[in-house]
Amino acid sequence: MGVKSDYRFRHRHIFGMEQLSEPDIQHVIATARSFREISARSIKKVPTLRGKTIVNLFFEPSTRTRTSFEIAAKRMSADTFNIAASTSSATKGETLVDTARNIEAMSPDIIVVRHSCSGAPQLLARHIAASIINAGDGAHEHPSQGLLDIMTILDHKKELAGLKIAIIGDIAHSRVAVSDIIGFSKLGAKVCVAGPATFIPAAVERLGARVCHAVEDAIDGADVVMALRIQKERQNDPLIPSLREYATYFGVNRRRLEQAKPDVLVMHPGPINRGVELSPDVADGASSVILEQVRNGVAVRMALLYLVMGGEKSDDGQGGV
Amino acid sequence: MGVKSDYRFRHRHIFGMEQLSEPDIQHVIATARSFREISARSIKKVPTLRGKTIVNLFFEPSTRTRTSFEIAAKRMSADTFNIAASTSSATKGETLVDTARNIEAMSPDIIVVRHSCSGAPQLLARHIAASIINAGDGAHEHPSQGLLDIMTILDHKKELAGLKIAIIGDIAHSRVAVSDIIGFSKLGAKVCVAGPATFIPAAVERLGARVCHAVEDAIDGADVVMALRIQKERQNDPLIPSLREYATYFGVNRRRLEQAKPDVLVMHPGPINRGVELSPDVADGASSVILEQVRNGVAVRMALLYLVMGGEKSDDGQGGV
Amino acid sequence: MGVKSDYRFRHRHIFGMEQLSEPDIQHVIATARSFREISARSIKKVPTLRGKTIVNLFFEPSTRTRTSFEIAAKRMSADTFNIAASTSSATKGETLVDTARNIEAMSPDIIVVRHSCSGAPQLLARHIAASIINAGDGAHEHPSQGLLDIMTILDHKKELAGLKIAIIGDIAHSRVAVSDIIGFSKLGAKVCVAGPATFIPAAVERLGARVCHAVEDAIDGADVVMALRIQKERQNDPLIPSLREYATYFGVNRRRLEQAKPDVLVMHPGPINRGVELSPDVADGASSVILEQVRNGVAVRMALLYLVMGGEKSDDGQGGV
Numbered sequence: 000m001g002v003k004s005d006y007r008f009r010h011r012h013i014f015g016m017e018q019l020s021e022p023d024i025q026h027v028i029a030t031a032r033s034f035r036e037i038s039a040r041s042i043k044k045v046p047t048l049r050g051k052t053i054v055n056l057f058f059e060p061s062t063r064t065r066t067s068f069e070i071a072a073k074r075m076s077a078d079t080f081n082i083a084a085s086t087s088s089a090t091k092g093e094t095l096v097d098t099a100r101n102i103e104a105m106s107p108d109i110i111v112v113r114h115s116c117s118g119a120p121q122l123l124a125r126h127i128a129a130s131i132i133n134a135g136d137g138a139h140e141h142p143s144q145g146l147l148d149i150m151t152i153l154d155h156k157k158e159l160a161g162l163k164i165a166i167i168g169d170i171a172h173s174r175v176a177v178s179d180i181i182g183f184s185k186l187g188a189k190v191c192v193a194g195p196a197t198f199i200p201a202a203v204e205r206l207g208a209r210v211c212h213a214v215e216d217a218i219d220g221a222d223v224v225m226a227l228r229i230q231k232e233r234q235n236d237p238l239i240p241s242l243r244e245y246a247t248y249f250g251v252n253r254r255r256l257e258q259a260k261p262d263v264l265v266m267h268p269g270p271i272n273r274g275v276e277l278s279p280d281v282a283d284g285a286s287s288v289i290l291e292q293v294r295n296g297v298a299v300r301m302a303l304l305y306l307v308m309g310g311e312k313s314d315d316g317q318g319g320v
Numbered sequence: 000m001g002v003k004s005d006y007r008f009r010h011r012h013i014f015g016m017e018q019l020s021e022p023d024i025q026h027v028i029a030t031a032r033s034f035r036e037i038s039a040r041s042i043k044k045v046p047t048l049r050g051k052t053i054v055n056l057f058f059e060p061s062t063r064t065r066t067s068f069e070i071a072a073k074r075m076s077a078d079t080f081n082i083a084a085s086t087s088s089a090t091k092g093e094t095l096v097d098t099a100r101n102i103e104a105m106s107p108d109i110i111v112v113r114h115s116c117s118g119a120p121q122l123l124a125r126h127i128a129a130s131i132i133n134a135g136d137g138a139h140e141h142p143s144q145g146l147l148d149i150m151t152i153l154d155h156k157k158e159l160a161g162l163k164i165a166i167i168g169d170i171a172h173s174r175v176a177v178s179d180i181i182g183f184s185k186l187g188a189k190v191c192v193a194g195p196a197t198f199i200p201a202a203v204e205r206l207g208a209r210v211c212h213a214v215e216d217a218i219d220g221a222d223v224v225m226a227l228r229i230q231k232e233r234q235n236d237p238l239i240p241s242l243r244e245y246a247t248y249f250g251v252n253r254r255r256l257e258q259a260k261p262d263v264l265v266m267h268p269g270p271i272n273r274g275v276e277l278s279p280d281v282a283d284g285a286s287s288v289i290l291e292q293v294r295n296g297v298a299v300r301m302a303l304l305y306l307v308m309g310g311e312k313s314d315d316g317q318g319g320v
Numbered sequence: 000m001g002v003k004s005d006y007r008f009r010h011r012h013i014f015g016m017e018q019l020s021e022p023d024i025q026h027v028i029a030t031a032r033s034f035r036e037i038s039a040r041s042i043k044k045v046p047t048l049r050g051k052t053i054v055n056l057f058f059e060p061s062t063r064t065r066t067s068f069e070i071a072a073k074r075m076s077a078d079t080f081n082i083a084a085s086t087s088s089a090t091k092g093e094t095l096v097d098t099a100r101n102i103e104a105m106s107p108d109i110i111v112v113r114h115s116c117s118g119a120p121q122l123l124a125r126h127i128a129a130s131i132i133n134a135g136d137g138a139h140e141h142p143s144q145g146l147l148d149i150m151t152i153l154d155h156k157k158e159l160a161g162l163k164i165a166i167i168g169d170i171a172h173s174r175v176a177v178s179d180i181i182g183f184s185k186l187g188a189k190v191c192v193a194g195p196a197t198f199i200p201a202a203v204e205r206l207g208a209r210v211c212h213a214v215e216d217a218i219d220g221a222d223v224v225m226a227l228r229i230q231k232e233r234q235n236d237p238l239i240p241s242l243r244e245y246a247t248y249f250g251v252n253r254r255r256l257e258q259a260k261p262d263v264l265v266m267h268p269g270p271i272n273r274g275v276e277l278s279p280d281v282a283d284g285a286s287s288v289i290l291e292q293v294r295n296g297v298a299v300r301m302a303l304l305y306l307v308m309g310g311e312k313s314d315d316g317q318g319g320v
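First to last, the sequence lines map onto chains A, V and E.
Residue numbering for the first sequence is 0 to 320, as defined by numbering that gives the first Met the number 0.
Residue numbering for the second sequence is 0 to 320, as defined by numbering that gives the first Met the number 0.
Residue numbering for the third sequence is 0 to 320, as defined by numbering that gives the first Met the number 0.
Derived by calculation from the structure, the hints in this document are not laboratory data.
Please note that a few of the clues may not be correct.
It does not matter which identical chain is used: a pair holds within one copy or between any two.
Claimed, not checked - In the SDA-like style, the derived pairs of lysine to any residue whose C-alpha atoms are separated by at most 20 Å in a straight line are:
| hint | residue 1 | residue 2 |
| --- | --- | --- |
| 1 | LYS231 | PRO279 |
| 2 | LYS44 | SER106 |
| 3 | LYS44 | MET308 |
| 4 | LYS73 | ILE42 |
| 5 | LYS44 | SER76 |
| 6 | LYS231 | SER115 |
| 7 | LYS73 | ALA213 |
| 8 | LYS156 | PRO22 |
| 9 | LYS156 | GLN230 |
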């Protein structure tokens, strides 16, 4: 696994890539790989988390992340409960902590939380006993996405060290970008970001990324090109180019991709705005590993649910599964 | 079963009654009958589809069809996931095929899909590996409804061959009508349709139905009277009569039903607008088999989920269950 | 248990505290106590209701009551189905009874129903075969809340007989208040209600409560203080004080609580409007048992689901579990 024998995964909560060491990241991915084959079986279910209660507490709507966690949980036989903010008592004036304490009183083992405020998962963890997994907090972090992105790259490249990874788009509003930059950098990759100037925060260099003036510079010689999603909802904002302008100046298309390495991987956290961030031929092309990202997402989430519950995989990868 | 011993159900997808042969239809119903008794047991659960992942992907809201599929799936121990279009990334500009490919990457075995576009299920099946079951596509087909209607009639009549079946109402906008007309005709019934002229498309005769000028002509001597639901949502359309006019001229009431056979079956796909399509005494009367339709719906959907996964029932109806 | 040996719980439906005898209430709570420890186990699941179908039919939104019933059901291995009115065919003009009959045709064992009309659960029970549990009907009753409140008090006090219990707030619109007043009175407590005059219905004395002129009178010497939730949605009503006025004149704060017994229990059915019905220091203070109420809610609902299915616990509290 590349993890020393005296290594132990010691995190009860997953707040972000920030907290994970390189051995932690490698251990999550090794665990995820051993879980990945479960989803390829005829009977896609193991008893690992039988009798555990997992609450998906989503204050922002998300079909794909929520479904990915729900599938991960049920494949390990946990009981899952979806609580959406729009139907929750959040609208009745209850505070986040009150909501969480009330959920806690129902004895969940894990709360997977998405919230529009950065730091909401840490706030919950200070007040309740269940394990917390951050499924996206404001523009802060989205660690399961960062981990599945690393797993997907490592399926194709021997290691991240020495790779050039370009991240293109709305860095400023993207928790995916933050988790990716932190994670990729920890494993030794060089990360270059590019996008409209209003989308590139000054602080990004402190995370370990280099800001490129032009998309072409970021893609030049890249081993991985990650295109981020444009929030169409923000189209009224005068600071943001129109979708057509964006596609013209920042979209990843066949021509721009020719400057990358021949074995470049094209990635996107989804859902794709086809013809905006990615041209359709690139999205569906031989370099695209976008659907592998989704597949690995279930495996990474199985691993996180398992590990925060204290699971330890034996060396043959079968223990406890 | 009335099915020859060398018969095999060979469909991996269920798009419509159009694709099913008479032996297919008989086999689905024989399978559904063997599953029906499970719902009458104290422990309503068999391990048939344990570890299978079934996604209900509904781009149009539907409590009853979705719940019926969900109950069918859970009674066979499958894991089910409900994805509603209103909360899905469909609203984020993702195409249907992108949505489906992303779901596919999570390794579902079956996707049950409802969509406002005719042909959406076939489109999905061309792009992804999971089995597809059409739970209603535009005004095209709703095959599980067609099958449960046939099952319900066969519970009371020896065969469909030779029966006169009247279908009353909004034929033009009804996928139920299409699936019923195709299925009933394949099994040898004579189908007569009647309703407001603006509700009767010219093409209906090509499906095998005869158009009657008046409701009375359709009901005269009928063995089965199927009333379709009026979409109240369409009440602003000037082509459509008011609900009161509809009830007066096209509603199935006691007086009109006297012209049918004495052992006529009254059916409706639900939900009923009481006092519009059916008078309350007819809806709740001795001839009504409307709740049997709902009951058979769960059994037919269990059979479809089972059969698209390659199930084969042994002759005693117990195999694999 | 304080229940005679020839006692049997004979209710197939739970409509309200009104129908339950004192031995019934004691039996539900004894059963709930034996179930409570399941939620504290590492594997929170027993096979008690395996293969049972439980439908949560909610015509009014409720995250916490619905989730509490859903967790209770899944901890006993039942299959649960959530049907929300906003997505149900209720909006398509179907009557409540039609909706219920259609659900019944899918063979549920228990329907947990919340509806804005008083008496809806009884109406359902007259027309369908499944057991009905009232999860709140109009301003009538909310019996599982009444039972969990009694359970919580009995965890701290030897018996209810002789206790003084103050209920503060919007008595007129509160089904919690009704179930509490009936239940507390049956077990011998003296209940005093207080609140804005427009919130105190004349009929409350017929339920067994005494109306106090001032909050201070109700709290004076109380063993339990139950604060009810103010419906912020009603803030446009001129009969209702503003939230600030309410907090000033009727809010339970440290100063007012000093008039209660030293070992007073502070309760609230949740969700709390902090700073309105309860000051934050009181809500989170040593006297507060609000989260115990939530915890006991799961146990009481497990007991109710179990008992309406005909379960009988053996004397050691282990039978059937």
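Hints versus structure:
1. For the identical chains of this complex, LYS231 and PRO279 are intra-copy neighbours only, at 18 Å inside a copy versus 40 Å across copies, given an alpha-carbon limit of 20 Å.
2. Taking identical chains as interchangeable, the C-alpha atoms of LYS44 and SER106 lie at most 20 Å apart only when they sit on different chains, with a minimum of 12 Å there against 23 Å within one chain.
3. In this assembly of identical chains, LYS44 and MET308 lie within 20 Å of each other by CA distance both inside one copy and across copies; the values are 18 Å within and 17 Å between.
4. For the identical chains of this complex, LYS73 and ILE42 are neighbours both inside a copy (12 Å) and across copies (15 Å), given an alpha-carbon limit of 20 Å.
5. In this assembly of identical chains, LYS44 and SER76 lie within 20 Å of each other by CA distance both inside one copy and across copies; the values are 7 Å within and 11 Å between.
6. Taking CA atoms no more than 20 Å apart as the test, LYS231 paired with SER115 passes inside one copy only; the shortest distance there is 17 Å, against 24 Å between copies.
7. Proximity of LYS73 and ALA213 under a CA criterion of 20 Å is satisfied in neither setting, with 44 Å inside one chain copy and 53 Å between copies.
8. With identical chains, the CA atoms of LYS156 and PRO22 are at most 20 Å apart within one copy only, with a shortest distance of 18 Å there and 52 Å across copies.
9. When the C-alpha separation of LYS156 and GLN230 is checked against a cutoff of 20 Å, the pair qualifies neither within a copy, at 30 Å, nor between copies, at 56 Å.
Hint compliance for this structure: hints 7 and 9 are broken, all remaining hints hold.
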